[in-house]
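Colleague: Kindly generate the complete structure, drawing on both the sequences and the hints.
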Amino acid sequence: MRYVRQFGDPVLKSRAMTVSRFDDDLREQIRGMGEIMNDAFGIGLAATQLGKLNRVLVYRVEQDSPAIALVNPELEWSGDELETAEEGCLSLRGVLVDVERPVHVRVRAQDEQGSTVIIEASGLEARVIQHEMDHLDGVLILDRTSRDQRKQAMRALREQTAADEAA
Numbered sequence: 001m002r003y004v005r006q007f008g009d010p011v012l013k014s015r016a017m018t019v020s021r022f023d024d025d026l027r028e029q030i031r032g033m034g035e036i037m038n039d040a041f042g043i044g045l046a047a048t049q050l051g052k053l054n055r056v057l058v059y060r061v062e063q064d065s066p067a068i069a070l071v072n073p074e075l076e077w078s079g080d081e082l083e084t085a086e087e088g089c090l091s092l093r094g095v096l097v098d099v100e101r102p103v104h105v106r107v108r109a110q111d112e113q114g115s116t117v118i119i120e121a122s123g124l125e126a127r128v129i130q131h132e133m134d135h136l137d138g139v140l141i142l143d144r145t146s147r148d149q150r151k152q153a154m155r156a157l158r159e160q161t162a163a164d165e166a167a
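Each step along the sequence shown adds one to the number in the UniProt record's numbering, with nothing skipped, and position 81 is 81.
Simulated from the structure, these hints should not be mistaken for laboratory data. The reader is advised that the hints may include incorrect statements.
Keeping only pairs whose Cα atoms sit at most 25 Å apart, straight-line, the calculated SDA-like set for lysine to any residue is [as the list claims (entries may be wrong)]: (1) K151 - T161; (2) K52 - H104; (3) K13 - G51; (4) K13 - A162; (5) K151 - K52.
Values in this document were obtained by computation on a predicted structure and should not be read as measured data.
Modeller: Shown next, in the form of structure tokens:
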């Protein structure tokens with residue numbers, strides 16, 4: 001978790017840039033992101049959460065599955081059916097808020113070699129991809145929840161910060 005940027009870091013509100021070089025450095029970044037995500041018991045991680053402003057995310061919704069990397073992801077389509085569910089974030093420790101998202105999405109991206117991939121996802125997988133794509137645009141779950149939940153989340157973040165400083 002020490003590598004994951006926390007709420008208040010300006011990089012979390014920044015828009016990531018398109019990746020144009022598909023080289024060993026990118027593949028190493030993706031490998032490292034997968035390890036950090038696993039170590040933090042996360043199911044998704046965006047490069048911006050590590051202070052890297054490139055359009056890369058990794059995710060895994062099944063515990064034993066390999067991590068999937070999406071480079072330069074773009075939402076091609078989202079279904080009309082919406083669902084509200086509780087979301088947390090590695091950059092907002094201790095915060096859970098309700099977020100409404102489309103249940104079904106299709107995303108066009110590139111893999112770590114630069115080849116085009118199309119992901120059609122539903123349920124949790126669709127939610128995780130949308131959450132991480134939000135990070136690449138500088139959008140946090142606090143931006144997608146109700147005013148009351150945002151106020152509660154800010155209180156929880158202040159309490160967590162005070163507890164961390166006291167430790």
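Colleague: Give me the numbers of the hints this structure contradicts, sorted from smallest to largest.
Modeller: 2 and 5
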